[in-house]
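Chains as they are written, first to last, in the working numbering: chain G, 163 to 546; chain X, 1355 to 1503; chain L, 7 to 94.
Because the hints were derived from the structure by calculation, they are not lab data. Watch out, some of these pointers could steer you wrong.
No more than 20 Å apart at the CA atoms, straight line, and that leaves these computed lysine-lysine pairs for PhoX-like [stated by the list, open to error]:
| no. | chain 1 | residue 1 | chain 2 | residue 2 |
| --- | --- | --- | --- | --- |
| 1 | G | Lys167 | G | Lys503 |
| 2 | G | Lys388 | X | Lys1402 |
| 3 | G | Lys477 | X | Lys1419 |
| 4 | G | Lys189 | G | Lys167 |
| 5 | X | Lys1497 | G | Lys481 |
| 6 | G | Lys359 | G | Lys348 |
| 7 | G | Lys477 | X | Lys1497 |
Spelled out, the chains give:
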Amino acid sequence: MSGSKYIEIPIGPQHPALHEPILFRVKVEGEKIVDVIPSTGYNHRGIERLCEDNTFLRDVFLAGRVCGICNVIHTTCYSECIERVGNIDVPPRAKYLRTILNELERIHSHMLLFAILGELIGFQTLFMLVMRDRESILTLKELIAGNRIQADYVMPGGVRKDLTPEKIQQIKKALDQVRARIKYYKKVFENDSIIKKRLSGVGILDVQDVYRYGFVGPIARASGVKSDVRCEDYYAAYNDIPFNVITRNECDSWSRMMVRVDELFESVNIVEYAVDHLPEGPIGPKAMIRTVKAGEAIARVEAPRGELVYYIISKGGDKPYRVKIRTPSFNNILNCQVMFKDANLADLPAILVSLDPCISCMERLVVVEENGRAEMKSLVDLAR
Amino acid sequence: MSMPLTRVKESLTGMVRTIEEVAPQRININAEPRDVKSIFRKLLEDFKNDFYLDFVAAVDYVEDKQFEVNYVVWVYSLKTILSIRFRLPKENPNLDTISDLIPSAINHEKEAYDLMGITFSGNSELKRGFFVAEGINEFPLVKNEVKKA
Amino acid sequence: MQVVDIAKCISCRLCAFDCPAYAIEMTLNPAAEKYKYYPVVDFGKCVFCYQCVRVCPTQAYVTSNMYNLASFAREKIIKDVLKKDIES
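One chain only, chain G, in its complex shape (with noise of 0.2 Å):
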C-alpha cells in the first residue's frame, strides 16, 4: 500500500485473543481503526480429507479433535449426522445423557472465555477465580465421561458411558455451587467499572450486517436476533426440555459477554432438568455401527460459539465420500472486520474476545510436499 495515509500494524499471528494462531493486518489512522484484515492458513490440518481416508468409526475420533474445547458437540453433530443419513434411532436416555455432556460443555467454554477475557482486559484476579470455578465443570465432565477434555462420549447411535444415580447426586450438588458462583459473576460484570469501561460501547454490530454476514450463536443474539440451534432445528434431547433464548439489544462487546453469562444459567437448569428426567432404557445400539447406507445429511448444532454444521455424504460401505464442516468461528471471525469500524485499537482485543475465536475449528486440512507431489498424511504421521 504505497502512497496510502494509513499505517498497517500486524497483530498475530502468536496468539491475538485466544491461544490460536491467526493474523490480523489492522490499518490504522492515528488511533482508529480503519480496517481489519483477517489473514489464516496456520492452523490447517486436513481433517476434512483424513475424514474421507478413514473408516465411520475412526472419523468419530477424529471430528472429536477438530477442536480441543467442543469437542463433545462435534462428535454430537457427526453422531446426528451419521443417523440422519442411516435413519438411525437413538435411545431416549442416550438423547438426554448427549444433552447432558453438551450444555456442561457450553458451561466450561463460556467460563474459559470470562477467564481469557479477564486476562486480555488485565484483570487477573477474574482469571483466577473463574479457572477455579471452571475445574468444579471439568471433574463432572471427568465423572460422566472418563477425561476432563477429551470426552470421545458420543457415538453414532448413542453413548458410550451410563451415569449412576451416585454420580446424578454429585452432579447436582456440584451445579449448585457453580450456579452460586455464576449469580457472582453476573454481578462482577454489571457492576464492575473495569469491565464495564472497557466493553461497553465498543464493538457495535447492526441487526442488518447480522444477516448480511451470517454471524451466528451468542454474536448473532446480542444484537437482537434469536438464532439458537437447539430451538429451531431439534436434536438431542433439547425439544423436550423447556429453556429460554438469550437475547439483547445492546449490539456491543458488553452484550455478547451478558448473553453468555445469562446463558450458563439456562444451561446449568438444563442440566438439573435433564438429570432429574432422565429416562431408563438403554445408551446406545448393541454393535457399533460400521457402514452407513448410501444417502446424504445436514446436521446443525449449537456449538458454545454458534452453529456448527457437518455435511456428510456417503455412497454405502465404511468410508465417507465427503465431509464438510462448517464451524461457528468460520463465520464469526472471518466477518469480523464490520464490528471494527471506527473502534481504537487498544480496544481490538475486547471485540476480538467477545467473538469468542477458535482458530483450530476453523481451518481443517493440511498437504504436505514430498517428492514434488502433494501428498495426504495419515494420523499416524501428523501424531509423530
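Position chains X and L relative to chain G; hints supplied.
This is chains X and L only, laid out in the frame that chain G set:
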C-alpha cells in the same frame, strides 16, 4: 405439501429445475449454474432479513465427472435449510460470485477455490494459501486416481 | 491408560481395526498354543479414546489408574511404563 415447501415453490418456480423436500426442515433445489445470481437476488427480495448463507460445500463427483457446488441457506421464519445445488463440468468449473449480494459468501468462495479449485468470476479475493500452505499447486479435496494409488 | 490381559485375548484384531490412531499392532507370539497374535499398544500414538476397551469381545482390555507416561525419549515410553509396572 408442507408450508416451507409451498413458500419456496412460490418464490423460485421457473428459475430452478427441481424443488423437493428430502427430510423435515430440509429442502433440496437443483438449478442451472448460469442462474446463480438471479436465484439469490430473488431470495433476497422474498426473504429479506430472514435468511443467511450457512456454508458453500463443493463436492467432487468422480463418476459423473462433475463438481457440485452446494449453497446452503438457513431461513429463520420457515425453520428450513435450503440446499441449492449447481452442477459444474470438471474442466474449468466456474460460477458467478454472489459476494456482491451476500457479503459473507466471499469467504466461502475463497475456501471453495482453495480446496477444490472452483473459480468464481467477480470475486477478486480468490487466492491460494487461504487455508492450504503456500507453494502447493494441487487442490487437496479433488479426488483423483493418483492419490488413491 | 488401558492394559491388556493377554490370556483373555482371542486374536480377533477388532481393537487394531478400530483404533483411530493406528496405535495397536498385532504381534506374533510363536510360543502361544491357540491364539498366536496379541495386541501391542504404542502409547506414543495412543489418543486414549478407549475404543479398544469398548470393542473387545472378551474384556481383555482393562482401564487402569496408571497415568505416568512421561519419558525423555519417545522410543522409551513403552519400555519405561513396563518397567514401572514391574517395579510397583
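Here is what the structure says about each hint:
1. Proposed proximity of Lys167 (chain G) and Lys503 (chain G) is supported: the alpha carbons are some 17 Å apart, at most 20 Å.
2. Annotation: proposed proximity of Lys388 (chain G) to Lys1402 (chain X) holds, straight-line Cα distance about 16 Å (limit 20 Å).
3. Of the supplied pair hints, the one linking Lys477 (chain G) and Lys1419 (chain X) holds, its CA atoms being roughly 16 Å apart against a limit of 20 Å.
4. The hinted pair formed by Lys189 (chain G) and Lys167 (chain G) meets the criterion: a straight-line CA distance of about 10 Å does not exceed 20 Å.
5. Taking the CA atoms of Lys1497 (chain X) and Lys481 (chain G), the gap is near 14 Å; set against the 20 Å cutoff, the hint holds.
6. Note on Lys359 (chain G) and Lys348 (chain G): the hinted pairing holds, with a Cα-Cα distance of about 16 Å set against a maximum of 20 Å.
7. Proposed proximity of Lys477 (chain G) and Lys1497 (chain X) is supported: the alpha carbons are some 14 Å apart, at most 20 Å.
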